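Peer 1: Protein chains in written order, with our numbering: chain A, 1 to 190; chain B, 1001 to 1214; chain C, 2001 to 2532; chain D, 3001 to 3316.
These are calculated hints, taken from the structure and not from any lab test. The structure presented is a predicted model; accordingly, all values stated were derived computationally and were not measured. A hint or two may mislead.
With a cut-off of at most 25 Å between alpha-carbon atoms, the simulated BS3-like pairs for lysine-lysine come out as follows [to be verified]:
| no. | chain 1 | residue 1 | chain 2 | residue 2 |
| --- | --- | --- | --- | --- |
| 1 | D | K3189 | D | K3123 |
| 2 | A | K97 | D | K3114 |
| 3 | A | K97 | D | K3085 |
Each chain, written out:
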Amino acid sequence: MFVSKSHEKKYAVILIGLLCLTVMTVWVSYFDFGVLNIVVAMLVATVKATLVALFFMHLYEDQRVNQVVFISAFIFLALLILLIGSDLFFRPTPQSKYFHPEDVSKQFVEKKHSGNFEIPSQLLIEEGKNLFERYCVAYFPSSYVFPRERQKIYDLMTHGDSASHIPSFSDLGEKERWAITHYLFSRLEK
Amino acid sequence: MNTQAGSHSVPHHFETAQQAFESAKLGMWLFLVTEILLFGVLFCIYIMYRGLYPEMFHEASLHLNRVMGATNTAVLLISSFTMAMAVHRAKHDDRVTAVRMLAITFFCGVIFMTIKYFEYTHKIHEGLLPAGMFSYDHVTHVKMPLFFSLYFMMTGLHGIHVLVGMGLILWVMVRCQRGAFGHAYSTPVELTGIYWHLVDLIWIYLFPLLYLIG
Amino acid sequence: MHQATQGHGNYLTEGGFWSWFTTLDHKRIGVMYLFTTLAFFIVGGLFAVLIRLELFRPGNLFSPDLYNQLFTFHGAIMIFMFIIPIIPAALGNFFLPLMIGAKDVAFPRLNLTSYYLFIGGAMLAVAALFSGGVDTGWTFYAPYSLRSQTAVILVTLGVFVMGFSSILTGLNFMVTIHKLRAPGMTFHRMPLFLWAIYATAIIQVLATPVIGITVLLIVMERVLQIGFFDPKLGGDPVLFQHFFWFYSHPAVYIMILPGMGIISEVVTVFSRKHIFGYVAIAYSSLAIAFISFLVWGHHMFVSGQSPLANLLFSVLTMMVAIPTAIKIFNWTATLYKGSIQLQTPMLYALSFLFLFTIGGLTGLFLATLSVDVHLHDTYFVVAHFHYVMMGGTVMGLLAGIHYWWPKMFGRMYPELSGKISCFLIFLGFNVTFLPQFYLGRLGMPRRYADYDASFTTWNMVSTIGSWFIFAGFLWMFAYLIWSLFRGEKAGDNPWGAKTLEWQTSSPPQVYNFEKIPEVKEGPYHYGVMKTE
Amino acid sequence: MLPQASSSAHSFEILFGVIFWFSLISFLAVSTAIVFFVIKFHRTRRDPFKTPFIHGHTVLETSVAVGLFVVVMIFFIWGWADYKKILNAPQDPLEINVIGKQWLWEMEYSNGRKLINEMVVPKDEPVKLLFSSADVIHSFFIPNFRLKQDVVPGLYTTLWFQASLLGEHPVLCAEYCGSAHSKMLATLKVVSKEDYDTWQKQWEKAKTQKVEEAQEDAASMAEQGKGLFTQKGCTACHTVTGQKLIGPPLNGIFGKEVELQDGSKHFRDENYIRESLMTPGAKMVKGFAPLMPTFQGTLSDSEVNAVIAYLKSLKE
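Please model the complete structure; the sequences and the hints are all you need to start from.
Peer 2: See the structure below:
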């Protein structure tokens, strides 16, 4: 049984090199060099990737066809990125005297999701209590059994329950419906 | 037929074992090409949105834990090293070391996924989720949820590849233990190795792109 | 060389019925692909006939929603389940190893896997048909595909799975061509069909992963709301179009290149002459494959894409014309001083030359920026790609099916019937699609369930034409099935062709050749050799 | 033949003609060659074993390639030059903000006037359209001008033209947008500069004086409502014949009870119709999807009343 040690030594050296590069790139990231940060990080990553490909994957001593195949993947990826970039980074900003085009992209982004309503809080529970007593309590028979899961209560508030003649409360906002949900759930917990 | 290679024989439509091995390897490289383009789309989306909203990426990447990311990088690099060692040993009929190295590689995969798990649960708990489910309050840029969509898609797809790789390693390890590989036939170990290195290679790019570019 | 013996020895009769399901024989997998994809072709064709019925006159025969589902399924079935797989996966699978003198493809098990993946993906898409259908069009443009209430997820997952099947087929073929050629079979001695299949395989391997992940992202958009393509969540819908066309434009060449390959074979055999400009045709296939990756943006000239991108894509698109024109020139020149026989395959090949030339030339209009602004998304485009896809690929396919029918099944198709149906299809095709150029120029947009009364006349003509095509195909399927059982027995080499697949029995034996042949000359050495 | 109603239409026709004749000649050349060869070199006239062995002809092939390259480059440059004219609007055009919605076009003039599925522009004046979409991708297509531009949600796109032909020109949606895609039509009216100015001035005057047509009797209100009903694009989704399209049919519904999405019943009175126009999602009729756009801001109070009067007048 003969195992060539020179190969394994090479692997170990490369590993140490890779780990050093990793430490370096993390260390550099704590300083602000502006654009240079990206350049350095990408350069280091490329050096690391090249080392892995050439030596761990043996691309260095592999057949020509395999090398061509592997490299062509990156060439086509680069073409994809370049040509898409030629669109996205070169779109003209429309000029207008009377309307405000730049607002449009913002106008269509819904901001409703930064509310964090799904997570219960005392404030929401209190708001839910008020809302429930004002809008909903009349529709619920006193014997009504609520589901024992937040999502299900929320679905009930959204879609109603036709079997028990409970209407949908979707005219209340998302936040309000979650508030009621949390209130009802806290009642169930008691 | 070489006795060292155990029960394995060259499939009937190949002339020689060498031809079979080269075919399998070329096939694997071609498969890696498809993997690169698969990830490439996500990288492309990353580059586009980063180019359009650099300040958003800056802000968002501060929510990621650099230390955890760096640890994972180191873990994967070490696993790549042990994988290369395993392939080398298996080729040179050193079954015991090869299995041991494969075991370490597998274990590195476990560590990687565990750290990933802690990162994910933390993000989910904070509400730093893909766009539609994003519920983190203190953001200044409206499009920040996009970063976390990218984060979860890229690391998620990578994580799936790690899991597949771990499965492959386990399978090769069992076969190696049974003595299926030797200098005449070690195609599966070698191909698993190449695949595992690619998974590492992708992470080498993911790490700075997501965690470091502040 | 020996005659196919009755009952045993050839790939069709070896083993029982159930052995087909686990077979690793590339020929059997090819035949299974052939029948599956042809079945989908019939379904897609029926949808096409219904579409034309709806458009026979203004007003609604079906509801607009049903019409939208019809054209979506027509497109999706024809593209993903018929025209992309049929030539490479069916004919390619069958003939690639035969033509390079190998016993099988490099990875037979992978080959079977990819067949079952194809079936699985197709089943997912068919399941969508029965669970509400899909109305997004085969292009799945965001954000419509994110809002549609229909079974988009099922179809996109189906496309993803079928994409993988296509990748594995391409990968398998590339390795086979690289590693399994018979002794003496250099790249420059390969039949041009294989060059075409090779170029196709490159596209399959490089482009298909992009559509795979893109449709997967559509699924993710719907399930997890990741918002890459959803303007409501800050994404960019035009970005989706880029990824979609990065695959789907090269996919057009996945469809047409193998068709071109078949034409190179058929034209030489039936004019018994060496191909004109072998090297030019071979390398133009590769050139087309490469350029095809750089032109996808011509689908997006009016999509809000930047003027710079429009400029680049317009000029790159013009470049595709050159290798394509060289091919057409060389095929025509091959006829010169040949000895031409007008059997059915040759008739289809000549139809290909006529129709594909029209298809290619009308592409010039669409590549020209200012002209495309008017013609984009009108019936002009519909007519253009039907001329390329049906006039090109399907004609090539039919040429190939008739040409190789005796080799695949050991029986001849009936010649007169073949000519009749070729005539019907050629005539019907032109009657259907020529008027559509004119309609498009008048500004009739595509995907309209109903149209202005001023377009009525030409729409009626077009619909009537579709019935001729339908009749032609009906006749063709009838005689092909008939010939499977009752057709005249074919010899090993009924056309006197020189490529390797004709050097074995018809139908071929299980491992293709008695003895792996040794190749000493190119594939088209007909006629008199010039002395140096 | 399609009318040429703008300068871009004119240049389109020229370039189209050039490419058309080039294509026709090339096609005829190829097909004549094929037919000629097939007849001349048919098997009946040629010995199949004595065909010449021709490898190819590099000079010929190269000259085909180079010749074609030159031609397509001419087309490209010509097309690009024309395209640049479509791209760059002249200084100070008349601006109209166009919003595409499933399935209607909403036009907003800079004085605040809003029209649906209708656009009025002066002849021989540059007009610039600014597009945005409220839901999915649409495409604003004016065949008579040979112009088209996608209308993309989350993105502002523009298009400019100078109309040279008086009259009405159809506008179509050219990007598939769902059920009523083929009904998403509009009319572009080109009028003389003077007519345009008076048309705008009259509206502005009416707006400032707030002369509402309150005194109009029910019959003429219904008549006006009928006009609005088609003009504002309601017919894309609603019939008055009882046939179900995307939305419920609207004949004979007034004052009757209807089952809503949540299963409850509701009377369709004036308030219900007004609410359905302003906040369409509020009380959805069972079995229909919430697709209707709001008409808040596009219909004045009197116009809403007119629509209500029209719906009142319809019998089952």
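Peer 1: Now tell me, hint by hint, if it's right for this structure.
Peer 2: Hint by hint, here is what the structure shows:
no.	hint	verdict
1	K3189/D x K3123/D	holds, 9 Å
2	K97/A x K3114/D	holds, 18 Å
3	K97/A x K3085/D	holds, 20 Å
This entry satisfies every hint, going by the numbered hints stated previously.
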